[in-house]
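Since the structure of chain C is provided, determine the placement of chains H and R on it from the hints.
Those protein sequence lines, which keep their order, are chains C, H and R. Residue numbering for the first sequence follows UniProt numbering, starting at 1 and increasing by one per position. Residue numbering for the second sequence follows UniProt numbering, starting at 1 and increasing by one per position. Residue numbering for the third sequence follows UniProt numbering, starting at 1 and increasing by one per position.
Please note: incorrect hints may appear among the correct ones.
To be verified - Chain H regions said to be covered by chain C (calculated; three or more residues, Cβ under 8 angstroms):
id : segment
1  : 62-76
2  : 246-257
To be verified - List of simulated lysine-lysine pairs, DSS-like, C-alpha gap at most 25 angstroms:
id : chain 1 : residue 1 : chain 2 : residue 2
3  : H       : Lys681    : R       : Lys121
4  : R       : Lys49     : H       : Lys681
5  : C       : Lys80     : H       : Lys485
6  : R       : Lys70     : R       : Lys111
Said to hold, decoys possible - Distance windows between CB atoms, simulated:
id : chain 1 : residue 1 : chain 2 : residue 2 : range
7  : C       : Tyr12     : H       : Lys489    : 21 to 29 angstroms
8  : C       : Asp33     : H       : Gln439    : 55 to 63 angstroms
9  : C       : Tyr77     : H       : Ser404    : 42 to 50 angstroms
10 : C       : Glu87     : H       : Lys219    : 42 to 50 angstroms
Keep in mind the hints are simulated off the structure, nothing from the lab. In this text the structure is predicted, and so the values were computed from the model without any measurement. Using N, Cα and C, we set each Cβ at its ideal position, and we do this for glycine too.
Next come the chains, spelled out residue by residue.
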Amino acid sequence: MFLIYCPHCGEYREEEEFQNRGQAHIARPLDPDSCTDEEWGNYMFFRKNPKGLHHELWVHAAGCRKFFNVTRNTATYEIKEVYKIGEQPKVVA
Amino acid sequence: MSQKNRLQSGGRIDRSKPLTFTYNGKQLEGFAGDTLASALLANGVDLVGRSFKYSRPRGIVAAGAEEPNAIMQLGATEATQVPNVRATQQELFSGLVAGSTNGWPNVEMDLMGLVGKIGGKMMPPGFYYKTFMYPQSMWETYEKVIRQAAGLGRSPKEYDPDIYDKMNQHCDVMVVGAGPAGLMAALTAARGGARVIIADEQNEFGGSLLSSKETVDGKAAAAWVASVTKELEANENVLVLPRSTVNGYHDHNFLTIHQRMTEHLADRAPNGQVRARYHRVRAKWVVLATGAHERPLVFANNDVPGVMLAGAVSTYINRYGVVPGNELVLMTTNDNAYRTALDWHDAGRKVQAIVDTRKNPTGPLVEAARERGITVMAGSAVIDVQGSKRVSGVSVASISEDGSKVTGSVKKLSADTVASSGGWSPVVHLSCHTGSRPQWNDEIIGFVPGATVQKQLTAGAINGNFTTSGALEQGKQAGADALEKLGLKAADVAVPATVEIKESKPMALFHIPHTKPTSQAPKQFVDYQNDVTASGIELACREGFESIEHVKRYTAMGFGTDQGKLGNINGMAIAAKFLNQSIPETGTTIFRPNYTPITFGAIAGRDCKELFDPERYTAMHKWHLEHGAKFEDVGQWKRPWYFPKAGESMQEALNRECLATRESVGILDASTLGKIDIQGKDAREFLGRVYSNAWAKLPVGKCRYGLMLKEDGMVFDDGVTSCLGENHFLMTTTSGGAATVLTWLELYHQTEWPELEVYFTSVTDHWSTMTISGPNSRKLLEELTDADVSKEGFPYMDWKPMTVAGVPARVFRISFTGELSFEINVQANYGLHVWEKLFEHGAKYDLTPYGTETMHILRAEKGFIIAGQDTDGSVHPYDLGMGWAVSMNKPFSFIGKRGMKREDCVRSDRKQLVGLKTIDPNIVLPEGAQGVFDPTAPIPMPMVGHVTSSYWSANLGRSIAMGFVKGGLDKMGEKVYYPLVDGRIVEAEICSPIFLDPKGERQNV
Amino acid sequence: MSDVKTEAVTVSVINQLPDASIQGQSPLFHADLATIAKSGPKTGGVTLKEEALLGHLTLRMNPENADQLKAAEKVLGVALPTQPLTSASKGDVVVRWISPDEWLITVPGLKAFEVETAFQKEMKGHFQVVNVSGGQTIVKLSGKYAQYVIKKSSPIDIHPSEFPVGKVVTSVFAKSSAIIRRSGENEFELVIRRSFSDYLWLWLQDASREYGLVIEA
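In isolation and in its complexed conformation, chain C is listed as follows (with noise of 0.2 angstroms):
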C-alpha cells in the first residue's frame, strides 16, 4: 500500500484512491495516419518494464479525478518525485 502526495490535492493519500495507468509520456503520435505500422506499434504496444526508476501516469481516481506523473523506484517501491501533467521529471535514471 503506497502512500502518494497528490499534486493538486497537495496532500498525502491513500494508493486505494489512486490508479496506475501505466508507462507515463507516451505521447498520441500528432498524425497518426502518416504512421508506419511500426511506429504505431511502438505508440500502441512497447512499454518499458525497468528494474529501479520508472515514470508513471496515475489518475486520483476516487479524489480529484486529476492525472499526474509519478517517478517510482520499482524495485525498493518508493516514490522519488511527483509531478503535473505537461512537466518534465527530475528525477531521472
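Just chains H and R now, with coordinates in the frame of chain C:
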C-alpha cells in the same frame, strides 16, 4: 490433583479468581492472569499435541508467539471454533474450551505414533515430494489421508456470529512492542508532542519486564511499567493497544495490527462487542522494539515433553507462579540462562545440574548458582534425552571446545525438565516484511535488521542489545530520533536506573554433537512444527541443495504456522556448518506477513453479508421489489431482470413481456445507463475525436448513436449522445462502462488535448431514466404531457424538454427495441413519482414492466449489439457490420482510426458478427457455443467463431441468435454447425442479424 | 421550462423541479428516517441526520480567471475557495473545493435553478454548471464517536491537526465514495451518491452500532 505445579505465591496471576476451563474434554482450573499454556502446565499437562510427520508426543516449549507445539483448537460451540491458537498467547477465561489439534485419533493414543516410530527412517525430507507426487492422479487420495493425519485444526462449519471490524489509524510514531525499549520510545515521543500508537501482542505492557526480578527506577520493574503505561493512556495523542499484534509492515510505513478485543473474555464476544479489530496504520516513523526470541539448542530427542526454552521456564515461574516440573537440567551457551536455574531453585525445586557448553564459565550469575550449591558442569552438553511422553533423564558428556564433537564419557542424570538456551535471536520479522535482508552480527550471534528504505528506527533486543538498561537507553534514543526527524522539540525524559549484572561471553553453538554421526543419531529436531531434523538438513545439503531458500523448501523448515521462529537460525547454522561456510555466506531466509496467524473474520471485517459488495439501486428500486422483480447484477447495480407473475416460469414471463411491448407498451427502468454532461465550445470537436462517427453537424435537439473505440480500433463502449445546446451534450454509456468512459474522456482531455475547452460531469445518479416502448407508448405519453409528441412534432432521434406527470423532463425519442419509444429523464428525486403516474395511466394499455432480459431479446430481434456481450475488445466496427457508424473522412484522426488500418484489422477472414437461424427453429443455441464449417472434420475441428447472443423470440415464434463467424458477412445463407457438449450438432444458417422490421418502420411512426 | 438563451442555445438549462404538490424523494427516502427519529433511541454516541433535497450544483471553471472568480462570488455571495481541500460558506450556501477546477455548491433545493440561471447570466468564457441534486444527498454525523465511524470507513486522517473544521476531501468511503467535510469539531458532513445511499445507510448503522446511533429528523 489440581494445579500441582502452582506456587503458593508470586507471579502476576490472581489466586482469588479461579477459572474453570476444559481441555480435551477434561475440566481443569487456573487463575485469572493465566494463559492457557500456564494453566495447563500448572495442572501438570505434559502432552499438547502430536508432531506433523512422525506423530511424536509434544509438550509446551515456549511462553509466547514462538510456541511451535501448543497449537490449540478453541471454541465451546461449532460456530465459535477457532483453529491454530497458540496456548501461550490465549488468555484463560471461565468456560474456555480447548483441544489439541494435531493428534489422530487423539493425543494420548496415537495410531500415527506407531507409523512415526517404525516409519521414521522411511520419511526423510522431501518424502512427500518423492512419494506422494506420483502418480499425480493419486495425489487427491493421498492428500486426504495426509491432511487428516496431520490435523492442523479445522474451521467452523457454522456461520461466525461475532463482529469483526477495521479501523484506519494515522500517527507520527508507531511503536511496535511495549517492552522496556518500546515503552521508553513511546514515552519520549509522546512527551515531545508526537501522535503515538504503541501496540503489544500481550495482555499487559512490559515485555520481558513482566517476568523479570529486576528493578527499574528503584522500584519493581512491573511498577515502572505500570506508571509509564498510565502516563501514555492519559495522553490523548497516544493510542495504547494491548492484545494487539503488529502483523505486517508494508510499503511506505503502512502497518496492520490485529487487536483481540474480547477473546480473553468469553467464547463469544459479549453484548455484540467487536471481537477483533484490524487496524490499518499509516505512520510517519516506525520504532521496532520487537525484542528477541530465545534460541533452543538442537540435541538428540530434544522434542520429548519437558524440554523447554530456559527463558520460558523463568517466565512460567516468575509471571505465572508455575514450576513446570520437579528436577531441572539446564543446558546453556550463555550466562543469561543461569537465571532460570536460580528461579527454579528459589521456587523450591531441584536443579540437577547446569550443563554449560563453555569451558570456563565465570561471572556473577555463575557464582550465584554455585553459591546455591547447584552443580555446574562446564564444557559439557546434554547430548540425548530419555523418556517418551515426558523427560525421565538426560545423557551428558563433555564436548570439544568448539562444540563439534563429544570428547568424554556419557553420564546419565535423572530429570523431568530440560531447559536449553543457545542465546537470543532478534525478532527481525517485521523488518523483513519491507524487503530488508537481515545482517549477521557475530558479536551477538544473531541476525539484526538490515538496511531499509522505510522510515524505520529500531531499539533494544531487536538490535542485539539484550540488557534492560540498553533497551531503555535505545528506546529513549529512538523516541528522540523520531521527534527530531518529525521536526518536533526534544522531550525531557530520563533513562531510569537499573542494576546491571555483568555477563561473560556466550558461545556460538547451535547443534549439540552426539556420540554417533548426525545421520545415525536419534532425531535432533530443528523445526518442531514440521519435524525438520539436523540430519534432514544435512541430507538436503548432501542432495545438492545449497541455497538456504532451497533447503528451506525441500525440508519444509519454517513452513509451519510459527514460521520457524525457533528453528530457522539453527537450521541455517547447521546447513552452513555442513556446507563448510560461514552463516553470513549461507544467508538467511526472510519472513512474510503475517507475524502470527490471523482469523479470516478479522481480515474480512464488516465486508461480509449485505455489506460484502455495495448494491446500487435506482430511484424506482422499491417499486421493483414490491412488484416481484427478479434482479440481475450489472456491475454493482441491481437491475430488474424480469417481472414474473404468480406461477410464471422465466420463459413465460419473458414471452409475455416481449409480446406486450411489441403489441401495446412496455416500460424499462434505464436509470443505470451512464450519463455524462459535456459542455464547452470544443465539446463537439472532442466528441468527434472519441467517437468513430461524425458530430460536427448534429443540430441542437437531435440525438445520435456512437461507437467508442480504443486506439487499437476495437469497440469498447457505445451509447446515444444528444445535443442539448450548441456547446452542450448529454452522453450516455453502457451501465457497466460509465466510470470507465468518464475516466477515458478525462485521460484524453488532461493528457493529450488540454487545449480543448470542454468539461465533463457525471450525471448518472442525477437522472431517473424510464423508457416506454411500443405502439401505444405515444398515447400513454400524451396523457401525461401537454407537449406535441406527434410523429411530425417529435420525430425519431429528437429530444425535447417537456413536463411529464407534472415533473419537468427531458424526453428522448430513441429506441433500443425497434418500437416507437420515449426515454423520459427526470431528476431522480421525482423518478418514482413519474414511474407510478405512468402505471396509473398505463393500466388501460396493459403497461408491462420488463427487465434486462426482455430488453436483450427485443434488441436482438433488431440486431442491436450490446457492448461487452457482442463485443469482447477484439472486434472493430466493420467486424460488427457497423461501418455506417464510422466516418473515415473526419479531419481529425479519431481514436481507433489508425488502429483499424493495421494489417490484422483488414483481413477478409476476420470473425464478423452475423445473425444465426437454427434450421430447427425450436433449438436455442447456447451462448458461447463454438461454430465449425465442417462438422465431419477430424477433432480438433477448426473453430470459426462463437455465439454471442441467443434467445427464444416469442414475437417471431422461433429462436434467434447472433454470433461471430469467420468472413461471415460474405457468407449469407451458408451453413455453420455448432457441436454441443451433449453430442448434438446444431445446424444454423448465416443471416442478417436484423430479424424483425429491417426497414425500421415500427420505430419511425 | 425555458431554455436560457445566450446568443444561440449554447447551454440548455431547465428548472427541474415540479410544483410543491409533488413531493421529492431523497435518496434515503425509503429509510423513513423521520419515523426512526420519533421511535428510535434519543441518546447515543453518534447522531445521523440527512440534509435532504438540497440543491447540488457542480461548477467547473478556471481558478486563475479573475473575471470568473468575481462572477462566482457575485452569484454565490461568497468567494470560491481556491485553496485545495477547503470550503467556504455563507448563510445557506456551502462551496466545497473538489478539484483545482471543480467545486460542489449546495443551496436550498428551491434555489438551484435560480443559481444555475445566474451563473449563465453572470459568467463568461469556458465553464460548466451542472445540477446534480437528484444524484446525491448529504448525511451529517455528529457526536463524540462520529470520528470513529469515519475512521472505520475512510483512510483519511481526521485528527484535528490534519483535518480542521471546514476541510473537505473526496475519498473512498467503505466500498463507495464520499465527499467528507468537517462541519464542526464533532460533526462531519458526507455527500454520498444516490445509488450507493442504501449501502452506506446500512454501513453507517453497522459502524455506529457499538456507540449507539441516534437518528435526527
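So, going through the hints one by one against the coordinates:
1. Chain C is given as covering the segment 62-76 of chain H, and this is violated because 0 residues of the stretch bring a CB closer than 8 angstroms to a CB of that chain, at least three being needed.
2. Only residues whose C-beta sits within less than 8 angstroms of a C-beta in chain C count toward coverage, and the segment 246-257 of chain H has 5 of them, enough to reach three; the restraint holds.
3. Among the hinted pairs, Lys681(H) with Lys121(R) is consistent with the structure: their alpha-carbon atoms are about 17 angstroms apart, no more than 25 angstroms.
4. Taken as a hint, the Lys49(R) and Lys681(H) pair is broken in the structure, with Cα atoms around 41 angstroms apart against an allowance of 25 angstroms.
5. Distance restraint check for Lys80(C) and Lys485(H): the Cα-Cα separation of roughly 19 angstroms lies within the 25 angstroms cut-off, and the hinted pair is therefore satisfied.
6. Of the pairs offered as hints, the one joining Lys70(R) and Lys111(R) holds, with about 20 angstroms between alpha carbons and a cut-off of 25 angstroms not exceeded.
7. Distance hint check: the CB atoms of Tyr12(C) and Lys489(H) are about 23 angstroms apart, consistent with the given range 21 to 29 angstroms.
8. For Asp33(C) and Gln439(H), the Cβ-Cβ distance of about 59 angstroms falls inside the hinted range of 55 to 63 angstroms, so the restraint holds.
9. Tyr77(C) and Ser404(H) have their C-beta atoms about 44 angstroms apart, which keeps the hinted 42 to 50 angstroms range intact.
10. Look at Glu87(C) against Lys219(H): about 60 angstroms separates their beta carbons, and that is not inside 42 to 50 angstroms.
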